[in-house]
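Q: Sequence:
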Amino acid sequence: MRKLLISTVTVVVALALAALAVDFGTSIYAEYRLSRTVRTAAHLDWDPSVAILGFPFINQAVNRHFDEVEIKAYDVAHVQVERATLEATMHNLDLAQASWLVRPDAPIPVGKLESRIIIDSRRLGGFLGVRDLMVEAPRAETNDATGGTTESGISGSVGLVFTGTPTAAGFDKRVSVSVDLSMDGPQDTTLVITPTGILTEAGTADQSVPDDRLAEVLAAFAGRVPDQRLPFGVAPTTQGARGSDVIIEGIVDDVTVKLTEFNPN
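Reminder that position 107 of the sequence shown reads as 107 in the working numbering, one-by-one numbering, no gaps.
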C-alpha cells in the first residue's frame, strides 16, 4: 500500500512539473513572438523586452485574454534627445481579434494602459548642454513602496534636483538646481524644464552662485524638449524622475490599440 501511495504521489508530482514546464515554455515562446512582432510593427532597431504576466499562461491563451503585458524598448531613436526608452504596461487585454500570438495590425481592447517615455540624464544633459548632468527626485517627498509618488515609482514634478556643470554659462563648478517639470505645446508633447533656485543643502553639490551669475547659471538648466510622444499616442498625465531618468507617463482606461502604434516617432 505504501509503495502504491509513493508511486501515485511520484506520478502526480511528475505530471504537475511537466504541466508547469509546458506552460512556462509556451509563455516564453509567446513573449519571443510578441517581441519580434513589436520590433517589426513599430520599426525598432532591436527586439524589445516583453513580459506576459499571469499564471497559468495556457489558460490565458485559450481564453484569448492576457492579464498584463509589459513592453520595454530600449535605445529607441529620438529626434531631439538622440535615444530614449519607450515603455507600455497593458492590463486586461482582449485578444479576440488578435489571437494569443498577437497579430501586428489587429485591434486590441485594453482595460488600462500605462505609457511612458524615459530620457536618461546623459541624453537630457546633452540636449541642455550640461554634459555631466545628474537627475534626482525631489529631496523632500513622501514615497510609497515603489519609491515614488505613482504606482510605477515616478516622483512628483516639482523640486527635482539637477546637478551638473553649466559650462554654457561660463561657470566651471558643479551646482545643484531645483527644477520643475511641466508639459506644453501641441497635445502636451513638449517637456518644459524650469529651474527655480540653487540648492546648497547636504546631499547636493553644495556650491553657491554669486548673485550676478545666478540668472545665467539657472538659464543653463532651462529648456523645452519637443516631440515627447508616448507609446500608443497616450496623453501625458505625470512627469517626474525615477532613478536618474526623467519620465513622462500617461495612463488611460478602456482604449483599443494596435502594435503598429507603439513607437510614435
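Quick caveat, the hints were computed from the structure, so don't treat them as lab data. Note that the structure is a prediction, hence the values are computed from the model and not measured. It is possible that part of the hints are untrue.
List of simulated lysine-lysine pairs, BS3-like, C-alpha gap at most 30 Å [to be verified]:
(1) K72 - K258
(2) K72 - K112
(3) K258 - K112
Q: Each hint: holds or not?
A: The hints, checked one at a time:
1. K72 - K258: 16 Å, holds
2. K72 - K112: 17 Å, holds
3. K258 - K112: 14 Å, holds
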